[in-house]
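With chain A fixed as given, assemble chains B, C and D onto it according to the hints.
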Amino acid sequence: MSTQPFRLASGGLIDRGHPLDFSFDGASYRGYAGDTLASALLANGVRLVGRSFKYHRPRGILSAGPEEPNALVELRSGARREPNTRATVVELFGGLEAASQNRWPSLAFDLLSINGLISPALVAGFYYKTFMWPASFWEKLYEPLIRRAAGLGRAAGAEDPDHYEKAFAFCDLLVIGGGPAGLSAALAAGRSGARVILCDEDFRLGGRLLAEQREIDGKPASEWLAATLAELTSLPEVRIMPRTTVFGLYDHGIYGAVERVADHLPQPPAHQPRQRGWRIHARRAILAAGALERPIVFAGNDRPGVMLAGAVRSYVNRHGVLPGRETVLFTAGDDGWTTARDIAAAGGKVAAIVDSRPADPVRKALADKLGARLFAGGAVTGARGGRQLSGVTIRDASGAVSELSCDLLAVSNGWNPTLHLTSHQNGKPAWDESLQCFVPGTVPAGLTVAGSAAGRFTLAQALEDGARLGRDAATEVGLTTLPAEPTPTTDPETNGLSPVWRVSGGKGKAFVDYQNDVTDKDVELAAREGFRPVEHLKRYITLGMATDQGKTSNLSGLAIMAEQTGRTIPQTGTTTFRPPYTPVAIGALAGHHRGKDFRPIRLAPTHDWSKEQGAIFVESGPWLRAQYYPRSGETDWLTTVNREVKAVRAGVGLCDVSTLGKIDIQGADAAEFLERVYINGWKALPVGKARYGLMLREDGFVMDDGTTSRLGETHFLMTTTTANAGKVMQHLEFCHQVLWPELDVRMVSVSEQWAQVAIAGPKARETLRGVVDREHDLSNEAFPYLAARAVTVGGGIPARLFRISFSGELAYELAVPADYGDATVRALMQAGAPFGITPYGTEALGVMRIEKGHVAGNELNGQTTARDLGLGKMMSSKKDFVGRLMAGRQALVEPDRPAFVGFKPVDPSQRLRAGAHFIDIGKPGVMENDEGYMTSVAYSPHLDHWMGLGLIKGGAARVGERVRAYDPVRNGDVVVEICSPVFVDPEGARLHG
Amino acid sequence: MAETARSWAPRSAWAGIAQAGQIGAAGAAGVTATLLDGFGLATLIAAPGGAAALSQTVEARLGIALPTTPKIVPGASHDAIWSGPDQWLLRASTREGSGSLLESLSAQAAVSDQSDARAALRLSGPDVRDVLAKGVMLDLHPAAFAVGDAALTSIAHIGVHLWRLADGPDGSAFEIMVARSMVGSFWSWFAASAAEFGCQISIDRSTGRG
Amino acid sequence: MRYSIFSLLSQTLRGHKGWTPAWRDPAPKPEYDVIIIGGGGHGLATAHYLASRHGITNVAVLEKGYLGSGNVGRNTTIIRSNYLLPGNTPFYELSMKLWEGLEQDLNYNAMVSQRGVLNLYHSDAQRDAFARRGNAMRLAGVDAELLGTEQVRAMLPYLDFDNARFPIQGGLLQRRGGSARHDAVAWGFARAADSRGVDMIQNCEVTGITMSGGRAIGVETSRGPIRAKKIAMAVAGNSSRVAAMAGMRLPIETHVLQAFVSEGLKPLIDCVVTYGAGHFYISQSDKGGLVFGGDIDGYNSYAQRGNLPVIEDVMESAMALWPGLGRVRMLRHWGGVMDMSMDGSPIIDTTPVDGLYLNAGWCYGGFKATPASGFCFAHLIATGQPHEVATAYRLDRFATGRVIDEKGAGAQPNLH
Amino acid sequence: MRITCPHCGARDAQEFSYLGAADLQRPEGMAASEAAMADYVYQRDNPAGVHRELWYHGAGCHAWLVVTRDTRNHAITAVEPAKARKAGAAA
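As they're listed, the protein sequences go chains A, B, C and D.
Residue 1 is where the first sequence starts when you use the working numbering, and the numbers rise one by one after that.
Residue 1 is where the second sequence starts when you use the working numbering, and the numbers rise one by one after that.
Residue 1 is where the third sequence starts when you use the working numbering, and the numbers rise one by one after that.
Residue 1 is where the fourth sequence starts when you use the working numbering, and the numbers rise one by one after that.
Bound-form chain A, shown alone:
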């Protein structure tokens, strides 16, 4: 396995002293450090690497970069399996495992290649025209077949074992691309002291310099590269980020990038993420992403062994791999000739050069020197071979046809600037007639484009652009730049090009979009059927929709459509690109936020105490709250909750209510402010008293409720529901800052400052007596219902005590500084021990509030009015308040709106369920008979049956009537009796005890 038959004996940027073993489709191979998976496969003579999407045709490696449409593999295994991974950008590591995809049972023998035989029927869009009869067969038969055949790789499905991070960076200049243009730009700006970030998707900086035999200032370009990198590394404000793809451009100079921290390793080292998703904020950016080479559309152009000419140079010069024994070059311009030269220099054989341009003596001489036959004005009309290219058919200028055998066909058709990011902000590229490519058109503010990415394809232009634009960027951000250094000189280069959009007359399929198996015939069909706008073309024949996003196909498709419709390419349309530039792992964009870290968890100051008590916790908005506290022997939650409720009603219980929103409201106009945001009155509330308040949205529906206490003449403490704390704060700030800035009202959230505990039950006062310092009189007379005052606990710890009740029992809420929350519950437990004090959770809290008919989140669902909830009388008619006018609209005051009442099962053994709808007995369950719905239910240990709250047409006027609680989704249909929503102690005697 150590033989690498296509590896050159010397040369390239690989480390022959550092062999790496890897496997592909189970077979073992060896490559070297510095290889990509693609170069290592080629070195080992592996040509067939995948099967195509629709026809399952054998495919090889086309490119040496991110544009690769064919060589897609499943990388790694198990939960780390990464489908559709481009072998051309995978950095080889020891132990790498890769497998081909979209084939069964094997890559060499793929049963679905039978699709090739029926392919004449499988034209673009064939599925729109058939599979319609009978209708039910679509889901049952056709679609499952299509789905199984479609797709490429298999995702792991199982949880990704690696972790990810996000990061945020800021710079004066972001340089995208570490080739000659980008490096020059970074250096020019960096020398001025600019904060520069240079990102390159490759693992080695240098861009095309790595793939070419070039000279700068009369020396090998590698020397310039080394010197430039050394200087950049020495600049403290320059950050070089290899393996980092800038994938998208967003508003206001924000760039998305993904850093592949550990993808070049078998798995991430300890404490390291696999990838990091960056948001880079750049005052200026230079796109120096180079260019992508274009294939030519001719019959059989997808045979394994047909390769872009520039990619061949990458393999030869960078990776020390000669991808074929016998090469034919098919070129439409000068650039391809460089490939022939480099192959020959590496000792390879160039059998023939097919140049689409007319005969030219200089080229003839060059071909002779290379020992290659020259077909000037010729074209490759076909390529032979199944799993590997075996030969090509060449038509010369006279029309004569020759057959040549070869195992590598290098194809050169000019380059397209990698301008993707310029179109991410809806920018449209512009057609350059002289260059025969799209170049950046409208470019977003703050971004400039250098070198090949701007259509300035020579090395000299890249170096010149980079240096100039780098200096410009530094100047624009206010830095003083040093005098410009002379642009380095380069060896001569020529750029003649006459692109060939397709070669007609060949036999067999000619591919435009390799990955989606789109052929030139498909483009013709789209033209014939009127799908001529470029977006219709793309969508109808799925051109450019595959994982390569049309990097090698969009322009060919557009050109063939132009030819079909007698228009020019720019008249036909433009090729624009949506982000991301290359596909980005979902994990990298999620970062740390998965599992329990998806969103922050808020914990009450008593949380650890509750945990000690064995509490079961429940997600309550952002909070985790104690739901109930099971004791040993209690096997179901209802038993526990019943015990907790009974303990409260019979003795005393305590429950953490720290999660309620608490807003300190001060200022001379604080009372006036409350008048305007609540529906009820506040000015007359005495100091030291609490009051229930209800606030509406401006559209007249209920927003939130809670108690607000007057701590001083100009000092109130508002409580909100747990769920709406943030929303209410924002609303109050709106009311103050936007509506009534003239009021002196000053607000701040104090939710985090106070631990708050509800103490409820007939023994609540006696329990509190053991905790609140003696000097505070807690008697009913001194501290009556709705009293709200500062007290001290534990010998001088400041606290606030509110005599308010959600349970309907004698109850208090005691607020202490959060550090004392833990101590306070422990002290309360100690003080209440003689009375059997019982911790209770949100379930018991809910049971008791339902027993008392208090509204809560299920009723305050944004669709109910104060009147609906039986709270209409609270609405003051003497003042304006938020929501007053809209609450009076016709539809909000109609008498038949469902209104708030209680429900009990006629058969007390039956369970009620929230979400059931009410239907009159005897009427069918259809929408016209829908009378309302059950909002909340609970089992009442006090009544020994289920009870419910809900909204029903007619409301309280129907107390005593029976209706069906209709619940087909849970097979529940219970006859219930409408009753008062207050199930326990309707007189409120317990409250005032």
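The set of hints was computed from the structure by calculation and includes no laboratory data.
There may be inaccurate statements among the hints.
[Unchecked claim] SDA-like, lysine to any residue: derived pairs with alpha carbons at most 20 Å apart:
{"no.": "1", "chain 1": "A", "residue 1": "Lys596", "chain 2": "B", "residue 2": "Gly159"}
{"no.": "2", "chain 1": "C", "residue 1": "Lys64", "chain 2": "A", "residue 2": "Trp104"}
{"no.": "3", "chain 1": "C", "residue 1": "Lys64", "chain 2": "D", "residue 2": "Arg72"}
{"no.": "4", "chain 1": "A", "residue 1": "Lys878", "chain 2": "D", "residue 2": "Glu28"}
{"no.": "5", "chain 1": "A", "residue 1": "Lys129", "chain 2": "C", "residue 2": "Ser7"}
{"no.": "6", "chain 1": "C", "residue 1": "Lys64", "chain 2": "A", "residue 2": "Tyr142"}
{"no.": "7", "chain 1": "C", "residue 1": "Lys229", "chain 2": "C", "residue 2": "Gly55"}
{"no.": "8", "chain 1": "A", "residue 1": "Lys428", "chain 2": "C", "residue 2": "Lys64"}
{"no.": "9", "chain 1": "C", "residue 1": "Lys266", "chain 2": "A", "residue 2": "Ile146"}
{"no.": "10", "chain 1": "A", "residue 1": "Lys611", "chain 2": "B", "residue 2": "Gly16"}
{"no.": "11", "chain 1": "A", "residue 1": "Lys727", "chain 2": "B", "residue 2": "Gly159"}
{"no.": "12", "chain 1": "A", "residue 1": "Lys596", "chain 2": "C", "residue 2": "Tyr158"}
{"no.": "13", "chain 1": "A", "residue 1": "Lys611", "chain 2": "B", "residue 2": "Gly159"}
{"no.": "14", "chain 1": "A", "residue 1": "Lys428", "chain 2": "C", "residue 2": "Gln304"}
{"no.": "15", "chain 1": "A", "residue 1": "Lys596", "chain 2": "B", "residue 2": "Ser7"}
{"no.": "16", "chain 1": "C", "residue 1": "Lys266", "chain 2": "A", "residue 2": "Lys878"}
{"no.": "17", "chain 1": "A", "residue 1": "Lys953", "chain 2": "A", "residue 2": "Asp920"}
{"no.": "18", "chain 1": "C", "residue 1": "Lys64", "chain 2": "D", "residue 2": "Tyr40"}
{"no.": "19", "chain 1": "A", "residue 1": "Lys129", "chain 2": "C", "residue 2": "Lys64"}
{"no.": "20", "chain 1": "A", "residue 1": "Lys129", "chain 2": "C", "residue 2": "Thr12"}
{"no.": "21", "chain 1": "C", "residue 1": "Lys266", "chain 2": "A", "residue 2": "Gly78"}
{"no.": "22", "chain 1": "A", "residue 1": "Lys521", "chain 2": "C", "residue 2": "Thr12"}
{"no.": "23", "chain 1": "C", "residue 1": "Lys266", "chain 2": "A", "residue 2": "Asp491"}
[What the hints assert, rightly or not] Label pairs and their in silico Cβ distance ranges:
{"no.": "24", "chain 1": "A", "residue 1": "Lys140", "chain 2": "C", "residue 2": "Leu9", "range": "21 to 31 Å"}
{"no.": "25", "chain 1": "D", "residue 1": "Val50", "chain 2": "C", "residue 2": "Asp354", "range": "31 to 41 Å"}
{"no.": "26", "chain 1": "A", "residue 1": "Ser234", "chain 2": "B", "residue 2": "Ala191", "range": "47 to 57 Å"}
{"no.": "27", "chain 1": "B", "residue 1": "Ala28", "chain 2": "A", "residue 2": "Glu231", "range": "52 to 62 Å"}
{"no.": "28", "chain 1": "A", "residue 1": "Ala108", "chain 2": "C", "residue 2": "Ser4", "range": "52 to 62 Å"}
[Unchecked claim] Which chain A residues stay away from chain C? Per the calculated CB distances, all over 10 Å, these:
{"no.": "29", "residue": "Ala33"}
{"no.": "30", "residue": "Tyr55"}
{"no.": "31", "residue": "Ala270"}
{"no.": "32", "residue": "Ser405"}
{"no.": "33", "residue": "Pro486"}
{"no.": "34", "residue": "Ile569"}
{"no.": "35", "residue": "Ala650"}
{"no.": "36", "residue": "Leu739"}
{"no.": "37", "residue": "Gly857"}
We put the beta carbon where it would ideally sit given N, CA and C, even for glycine.
What follows is chains B, C and D alone, placed relative to chain A:
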């Protein structure tokens, strides 16, 4: 009485969250985290048009003026930290003893005790900015965020208040305050983010109750 | 030309040379009975139903770009009728029924796939709210099932059941929900309407509405003035701009919603799943791409593109729901602009301007509504009366309070 | 997007929540009409172009801001505190 006294012991926001020691990579820690405890904290909001007068009063009492931009002004016993237009946090080095000061300021400001509302920590070390860059959406380069600059922002969906201290011997230094209820999630983010550099954790109760 | 397996085979033998354009490319006539502004899904569906159900064929659809260039080609292709409120449920159920017969009606395979839509719930309160919705659906004759955790686990074993911040407790399943091939919907309606004589006029931007005596009598366009007896707006995303040409303000804001597709994968997920603890929904297209989306960006925008915070929010939700997606790569993302109405529900109504009809306010639910929207709008245009399942979609409901607020979010469009 | 909070400086738009059009005037007082209020609550200009709109710096200083932004390309040309604006108008 000993039993009672123990049962009324305060419990720090950090209790059960983090312990002293090293987390993440072994070897020389790239980040040092000092968990702060025992400080006093109060929100001051000036009356309309009353910010300058309030600042004068504070300056007369504490020797520090209230900053009018997002900054922290450190003082001998108290620091003043901007926390919104006409709004500040006054941080006392000890939990007790600010009562009469706050009482007197309440004539000119809405005063709300927040001593227990925040968990705070001090971060320093050569890699501290690289750790913070994993969550802070602000430019913390010294040219953009100088010593004494403060910011209200968020990290990993959690609201934070952070400011830059004078550089220490081991590099740049920051303090961060986070809502008490969310400190567990904050720490989960921090520990994951600091792990690659190694983080030495200590607890500083020296300024507060011991 | 009728599409069938026979025409496909016959064309295969002829090298597919005989296929004809799916629709004509006519020049606008000076006058039509009805002009429909907007050649998106709803406008094209309206044209089809006007022609096929009401015999009104002297109709032009004016499209400023190419047919289907708006949200019909930018959405996440979900179809469902799992609504709560009586103003909505029958309408969306009509839509579902039309979807179920669409291929036969249009002679075009829009790949309507009833593979099920599952809305997950994560708390007791959410379960009760879903039960309320499921029961409302059943009352309206719509299929609905309430599943528990184990049933969901059996369907989707890879979701995060064991380490989730918001554990999955179950889901509301509508088996008849699913997806359709969005572009094909536009093309199918266009081809069907064209076959009945409707003119599909592309690259024709309406620049003004011509008024006479308080009545709309025609439009100014980039291809010249065109007169019409009735003018119908179906330009969701741009409704306010077109309405302003007739002097109207609407209870609508235009917002951007982003959508995403992954690389093509072998089948992974066989239904549409929506996450209940964040903004996220996901399905897999027949081509293998995971199609997913989340919340709107939240600010007024006509820019057809969004920003990273929402992109990251979507990916976080993706990972929270299904931690196996970490190595799946997002291939493309894009934005569409939509009419976010003040109560989250659409408007199909006449307007204070005689002769001008409004179809607007689809929020991000417009795709599933496409057939019924066209059906009911055609009914309104043809008869002057709202269709019985669309009677709640009146423009005056905001003044009267008859809002249709499924979420209870109030008069704030970006919360719907 | 970045929004330059007049108090806090340039921040990611993620720190803010959006409300909508800024120049609507709430009909105040007992004399206000239901129709005027319905107009205020529901009707919007929704321009494609320059839009003055309210953003709340919830993750920062809690200020409500009036942001002038072009809805066609998201370019922001001005940010001012909402409080100062009304105070200025009243003065």
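Distal placement of Ala33(A) relative to chain C, Cβ over 10 Å: Non-interface label on Ala33(A) holds, nearest chain C Cβ at 24 Å vs cutoff 10 Å.
Separation of Ser405(A) from chain C, once the least beta-carbon distance is taken, above 10 Å: Per Cβ check, Ser405(A) is outside 10 Å of chain C; nearest 31 Å; holds.
Holds or violated: Lys129(A) to Thr12(C), with C-alpha atoms at most 20 Å apart: Since the Cα atoms of Lys129(A) and Thr12(C) sit roughly 12 Å apart, the hinted pair holds (cutoff 20 Å).
Holds or violated: Lys64(C) to Arg72(D), with C-alpha atoms at most 20 Å apart: Given that 20 Å is the threshold and the Cα spacing comes to 17 Å, the pair holds.
Agreement of Lys428(A) and Gln304(C) with the hint, judged by alpha carbon distance not exceeding 20 Å: 14 Å, holds
Hinted pair Lys64(C) and Tyr142(A), Cα distance within 20 Å: 36 Å, violated
Restraint status (C-alpha distance of Lys428(A) to Lys64(C) at most 20 Å): 18 Å, holds
Pairwise hint evaluation, Gly55(C) against Lys229(C), where the allowed Cα distance is 20 Å at most: Within the cut-off at roughly 16 Å; holds.
Given pair status - Tyr40(D), Lys64(C), alpha carbons within 20 Å: 32 Å, violated
Hint consistency between Lys129(A) and Ser7(C) [alpha-carbon to alpha-carbon, up to 20 Å]: 9 Å, holds
Assertion that Leu739(A) lies outside the chain C interface [Cβ separation over 10 Å]: Given that every Cβ of chain C is farther than 10 Å from that of Leu739(A), nearest at about 15 Å, it holds.
CB-CB spacing for Ser4(C) and Ala108(A) relative to the 52 to 62 Å hint: 38 Å, violated
In this structure, the hints that do not hold are numbers 2, 6, 13, 15, 16, 18, 19, 23, 26, 27, 28, 37, in rising order.
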